[in-house]
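Engineer: One letter stands for each residue in the lines below.
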Amino acid sequence: MQVPKGYLGVLDLGFDAERYDGYWDGSGRHLDDPAGSSLAQYRLNLAGGWRFSKDWQVSLLLPMVHNDSRYTGLTSRSTGVGDTTVTVLYDAHDERSIWKVLSAADLLPSVKVGGALTVPTGLSQYDDVDLSFDVTGRGFYRLDATAQVDKTFRGLAASLSLAYGVHLPRPINRLYGAPVTPTTKRLGNKATAALSLGYRLFIGSAGDALTLTGALSWMHEASTVQAGERLPESTVNKPAFSTTLLWSSTDHDWSARVAWAHTLQRDGWGTSFPTTDIVSLGVKYAIR
Amino acid sequence: MRSADRRAASRRLPPALLAAGLALALAGCGGMADDLFPSGKDLSGGAAGTTGPAVGQTAPDFTLAAAAGGEVTLSGALAGRRGAILYFTMWCDICDRHMSDMERELFAAFPDVRFLALDYVSGSAPDAAMAELNAGWADRGFTTLVDVGAVQARYFKTYMAVVVLDRDRVVRYRGEYLPADVRAALEAMPPVAP
Chain B
989 MQVPKGYLGV
999 LDLGFDAERY
1009 DGYWDGSGRH
1019 LDDPAGSSLA
1029 QYRLNLAGGW
1039 RFSKDWQVSL
1049 LLPMVHNDSR
1059 YTGLTSRSTG
1069 VGDTTVTVLY
1079 DAHDERSIWK
1089 VLSAADLLPS
1099 VKVGGALTVP
1109 TGLSQYDDVD
1119 LSFDVTGRGF
1129 YRLDATAQVD
1139 KTFRGLAASL
1149 SLAYGVHLPR
1159 PINRLYGAPV
1169 TPTTKRLGNK
1179 ATAALSLGYR
1189 LFIGSAGDAL
1199 TLTGALSWMH
1209 EASTVQAGER
1219 LPESTVNKPA
1229 FSTTLLWSST
1239 DHDWSARVAW
1249 AHTLQRDGWG
1259 TSFPTTDIVS
1269 LGVKYAIR
Chain U
166 MRSADRRAAS
176 RRLPPALLAA
186 GLALALAGCG
196 GMADDLFPSG
206 KDLSGGAAGT
216 TGPAVGQTAP
226 DFTLAAAAGG
236 EVTLSGALAG
246 RRGAILYFTM
256 WCDICDRHMS
266 DMERELFAAF
276 PDVRFLALDY
286 VSGSAPDAAM
296 AELNAGWADR
306 GFTTLVDVGA
316 VQARYFKTYM
326 AVVVLDRDRV
336 VRYRGEYLPA
346 DVRAALEAMP
356 PVAP
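Protein chains in written order, with the numbering used here: chain B, 989 to 1276; chain U, 166 to 359.
Worth flagging that the hints you see were computed from the coordinates, not collected in a lab. Treat the hints loosely; a few may be bogus.
Unchecked claim - Pairwise CB distance ranges (calculated):
no.	chain 1	residue 1	chain 2	residue 2	range
1	U	Leu-201	B	Asp-1196	40 to 48 Å
2	B	Pro-1159	U	Thr-216	45 to 53 Å
3	B	Val-1271	U	Ala-349	49 to 57 Å
4	B	Arg-1174	U	Arg-269	20 to 28 Å
5	U	Leu-201	B	Pro-992	27 to 35 Å
6	U	Gly-205	B	Tyr-1152	55 to 63 Å
7	B	Asp-1241	U	Gly-205	27 to 35 Å
8	U	Gly-205	B	Gly-1024	50 to 58 Å
9	B	Thr-1063	U	Thr-215	16 to 24 Å
10	U	Ala-274	B	Leu-1032	16 to 24 Å
11	B	Ala-1181	U	Thr-216	49 to 57 Å
Predicted, not measured: the structure shown is a model, and the values here were computed from it. Cβ atoms here follow ideal geometry from the backbone N, Cα and C, with glycine treated the same way.
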C-alpha cells in the first residue's frame, strides 16, 4: 500500500478469501488434496499509510485471519491476528509526465525503494496452537528490501515490483503445543517479483476511472535451515497470475477494487507449495 | 475548529492510527509472545521409566487399524527390530517431502527399522488406503496406520513430525523431521543381530 504524492496518508480496508486446492510436491508434481477436503483462509486487512515528508512514507498492515478447514476426518475453525508488516518507502525518482513525451526524461519511470519488517504477531506452529490448520502467522521476523518501478503513459500503466527478504533465526522449543528438543531454525531467504500491465478507462463525464490490470508474480523461498542443517526439499517456488479491476473517484480520494489471483494446478508450475485461488475486495481512502 | 487546527489534527491522525494498529496487533492475541520473544528453554524433559511422550519416556503400547487391513500393535511392530519411526502424516506437501527424504536416506540404511505412517486425518482404513494411494505412497515402505485422535492428539500432539522409538518403546527423538538428528537417533540404537 502506498500514499500517493501530495497526499498526507491513506486508510485501506481489504478482504481476501483464499481457497486451497491441492499442492505441488518437492519435484513440482501437482497433487490433489484428499477427497472431502476443504481448506480456506479469510483475511481482513487493516492498513494505514502516512507520508511524513515529501519523499518518505511509512505504512502498517495488520491482517485479521480466519481459518476454516475440513481435511477428511478433521474439522477446524480459528480466528486470530496475522503477522504485521511495517513498510518504509522512499521516492527515489518521480515521473515527470504521463500525457506527453517531450524529452527523454519524460520516459523515465518513477522509482520507489524501501524496506519492510514483518513482525510475527500471528499464531504459528511454534505457539500454543494444536493444529497446523489453525496457524495465522509464520513465527519469524523478516526484513525485506523492496523496489518498485512504475511508468504510466496516458491510459497505460506498467509496474515492476521486487523484494528480497531475510528471515531472522529463532530458537524453537515446541511444535504444535508439544515440547520438542530445543533447536534453532531460520526460514530461507525470500525473493518476490511481480510484473503488471494496466489500462485506465475514464467513465462518464466527471472523471471517474476504471483500471484493469493483469499481473504475473513469482515467489521463491530458499531452503529452511534448522540446527545448521538444510532441510530437504524445503525450497518453495510459486508463480501466480492475477487480475484487478479498480474504480477510482474523480478526485482520486476514494478507490475500490476487486481482484482474483490464481495458481496453475499443473505439474512443473511450482514446488512445495499449496495451489490457491484468492478473491480480494478492498476500499481505500486517501487523506489530503 | 479553525482551518489550521483541522489541518494540524489531520496531520496527527495517520501516525495515531498506525500506533493504534500496532498496539492492537501486540495486544490482540495472548499466545503471540512465543513468536515475538522466542525461547530456547527445554520444555521436553520427562522422567525415564515413566510413560509419556518426552525423550527418555516410554511410549504406550497402542493398537491401531492398518490401511492395508488388520491391526498393528506397537510392541508387535517392534518385535525383532532395532526400533521404529512414527511419522504423523496428513498427506500434505510437507509430509511428502519428509517421507520422500526418509525413503531416500533411511530405508536402505536402516532395514531393521519399522517405518509407520500414522494417518490422523482419514478416519477409517478404506479412507486411509485411498489417501495413501492418491498421495503416491502405496507399497513404498511405510506401514500406514489409521489414527484419529487416538495416539497423535491424546499422546504425542505431534503433526507432520517424527518420533523415534527404540525396541523397548523408549522415545529417542521427537520433533520436526531433521534428517541428521533422526539418523543420529537411529544410529545410537543397537542394530538387530543377524
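Engineer: Next, verify each hint and record whether it holds.
Structural biologist: Hint by hint, here is what the structure shows:
For the hinted restraint 40 to 48 Å between Leu-201 (chain U) and Asp-1196 (chain B), the CB-CB distance of approximately 43 Å keeps it satisfied. The hint said 45 to 53 Å for the Cβ distance between Pro-1159 (chain B) and Thr-216 (chain U), and at roughly 28 Å that hint is violated. A hinted range of 49 to 57 Å holds for the C-beta pair Val-1271 (chain B) and Ala-349 (chain U), which are about 55 Å apart. Distance hint for Arg-1174 (chain B) and Arg-269 (chain U): a CB-CB separation of about 24 Å, consistent with the stated range 20 to 28 Å.
Distance hint for Leu-201 (chain U) and Pro-992 (chain B): a CB-CB separation of about 33 Å, consistent with the stated range 27 to 35 Å. Restraint check, Gly-205 (chain U) to Tyr-1152 (chain B): a C-beta distance of roughly 28 Å breaks the suggested window 55 to 63 Å. Taken as a hint, the range 27 to 35 Å is violated for the pair Asp-1241 (chain B) and Gly-205 (chain U), whose Cβ atoms sit roughly 50 Å apart. The supplied range of 50 to 58 Å is broken by Gly-205 (chain U) and Gly-1024 (chain B), whose beta-carbon atoms lie about 39 Å from each other.
Distance hint check for Thr-1063 (chain B) and Thr-215 (chain U): the Cβ-Cβ separation is about 34 Å, which falls outside the suggested range of 16 to 24 Å. The hinted range of 16 to 24 Å is not satisfied by Ala-274 (chain U) and Leu-1032 (chain B), whose Cβ atoms lie roughly 49 Å apart. Remark: the range hint 49 to 57 Å for Ala-1181 (chain B) to Thr-216 (chain U) is upheld by a beta-carbon distance near 52 Å.
Going through the hint list in order, the structure does not satisfy hints 2, 6, 7, 8, 9, 10.
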